[in-house]
Amino acid sequence: MLDTTQIERHTLSVLVDNEPGVLARVVGLFSGRGYNIESLTVSEVDATRQLSRISVVTSGTPMVIEQIKQLLDKLVPTHSVQDLTVGPAHVERELALIKIVCIGDKRVESLRVADSFRARTLDSSLNSFVFEVTGNSSKITAFIELMNSLGDIEVARTGVCGMTRGNNIDLVG
Amino acid sequence: MSKTQTVAMMPGAEVILKVMEAEGVDVIFGYPGGAVLPIYDALFKNNSIRHILVRHEQAAVHAAEGYARSTGKVGVVLVTSGPGATNAVTGLTDALMDSVPIVCLTGQVPSHLIGTDAFQEADTSGITRPCTKYNYLVKKSDRLQANIEEAFHVARSGRPGPVVLDLPKDVQMLDAPFIEHKSAEPLAQRYKPVTSPQKAVIKEAVKMMKQAKKPVIYGGGGLINSGPRASDALHKLVNQTGWPTTLTLMGLGALPADDSHFLGMLGMHGTYQANLAMHNCDFMLNLGARFDDRVTGRLSEFAPFSKKIHADIDPSSINKVVNVDLGVIGDVGETIDALLAEMEVQSFSPNAKAMTRWWEQIEGWRSRDCLAFEQAGPIIKPQKSIQRLYEMTKDRDVYVTTEVGQHQMWAAQYFGFHKPNRWMTSGGLGTMGYGLPAAVGVQIAHPEATVIDISGEASFLMNMQELSTIAQYNLPVKIFILNNEWMGMVRQWQELVHGKRYSESYSSSLPDFVKLADTFGMKGLRASAADDLDDVIAEMLATDGPVIADIRVEKEENCFPMIPSGAAHHEMILGPEDETNKSISEEGKVLV
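Chains P and L supply the protein sequences, listed in that same order.
If you're matching positions, the first sequence starts at 3 in the numbering used here and goes up one per residue.
If you're matching positions, the second sequence starts at 634 in the numbering used here and goes up one per residue.
Simulated from the structure, these hints should not be mistaken for lab results.
Small disclaimer: the values here were computed from a predicted structure and weren't measured.
It is possible that part of the hints are untrue.
[Unchecked claim] Below, in silico cross-link-like pairs of lysine-lysine (DSSO-like), each with a Cα-Cα straight-line distance of 30 Å or less:
#1 P/76 - L/953
#2 P/71 - L/953
#3 L/846 - P/71
#4 L/836 - L/869
#5 P/76 - L/1017
#6 P/76 - L/825
#7 P/71 - L/869
#8 P/71 - L/836
#9 P/76 - L/986
#10 L/986 - L/840
#11 L/840 - P/71
#12 L/678 - L/706
#13 P/108 - L/840
#14 L/836 - L/846
#15 L/846 - P/76
#16 P/76 - L/678
#17 P/71 - L/825
#18 L/773 - P/76
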């Protein structure tokens, strides 16, 4: 029996046909039932077979998570639904671009923090930087918080994408 | 492409009809308009597909639903762009909720005008995405055939449902390839729902069944959708186990109403014995039902002492609202067959001693006779009118449709169904105005049968324009209106939940239904007193053509038994004398 109270966060990886409306179908499935989307990334991953992978981070009770997986799997253009959170070990990464506007000591400090987070500098002006940082979501959030205390910032995040560790490949069934 | 296939080029509209012919379509319910004229032009020249002209696009979908539910085939709808498509939305949602296989073709403005707010343009694929099982905007002629073929496959496979094909006018006119499939083999499809239950799961299920001391079988609409074979299998299962069986509104007819194991319908207006068996059971076998809120009542107290198995073709149905101990994914007919085979392997035999005790308890509940009513005096009790209608049509090949409300529940309670596909009602969506157009579809599919729309005067008015369709095709539909001059179920809830403040629920300015029938060239009859009832029913049945029977029933009769909203199965109200003890909780008032 599933516990109906505990809220869990799951990363789902969904392989779909890259056809018009498929993203609207996935998003509509969440919005129509009041489910959460914490992040969502989508891009074509196989041009010859016209497949896209959607990585979606969602949260809910185990019953709701189960329901979301079944509903995603039920969509006609869906080939597979992997729950990375409950499956074998997996890796997750997110990329963020952070623009910071600051001068003086704060500008120096921002560069030092960026260095310790292994962020790359993509752009710089006399009073700003654009950093690129990758990692898990909590690392990125920590970086953004530090930057926020050093100046005015603008943030763009990709949302999480992930896959299982090991030699198992998710193919069209 | 193999050598047995030949490719022919022809206008898209002709491809559409060719593919539908190959899919076995013989009837389309539709309404023309600018964006579907090429298809209507092709239909004009076509001899194998019959078109039934309805009077409103919502009715086209309901008619197709009636056709589909009474035959097991896919119902087909053809409507124009814009308002044609938006009018169809209620019907599509209805079909989605009740898992009815429908393919709905909608016209669309030509591709180059999409997105320009062209005349009669609507974002049909956007609007219908949440109310269909799947939909297409066909933009490429070379995908036309494949899209239509997949649409039919998706509509009828797995848990059936409505599929929309949005067809821009240029795609209908331009030449498109049509490939004649010579082989009878089904096409390879990407949509592949599981239909055969897993062996290990069936083994586990029978193990659980062997432990049951107070079992109940709870069957639903899946039994009907699975085809008559599933009802036969259920019959066998019930006979072999001797288990008490209840059916949902959508499942009625899967087990003959007079089978001694049948406890009647369950749920909000279900029988006392069915609901108490559900509440007290120690084992529940759900076969193709979905734990709808009308069935479960208050979830926290739903069948609290039971182990539960849920067999459903839709994996997302399992553990959606009720946690079960075992989910069996597959076609419910195949599942029952597999259970029967495995029962033999595991030499299943019902626990005789426990079953005797359990049946004694059930018979005790049954003896309360929860559907009893008293027909005293000249005013016709609505229950009596349904009971007489049932008794007087027993020897006929009869199909019943309904609208939504009190009359629908009384029909479910007092009309006995003995075969699947004989009962067409809007269960999930609860669409008033469903029954009349659905009866059109049923009568088209079964021209010789007695088709009765059990109706209420308020619901009837919602799609009464279909009288014109009925007149055009001289369909001998019998419209049996329980006329209480109220939106009866609304009035009942206002009485029970809102302090008898009857806000806007009175049916004012009703037409004279007898004269109304006359204007459409039909027979109109009226029963105003209990003594008239049998004569009116007899005359209605003896009439060859369509009839409107205006049955003037007791105005403020309530539909009982009833589980008040927010209450549990064992908290039923059996009748008016029972009402005062059981008030509706504040939580319950929020529910619908």
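Unmet hints by their number, sorted upward, for this structure: Hints 3, 5, 7, 9, 13, 15 and 16 are the ones this structure does not satisfy, whereas the remaining hints hold.
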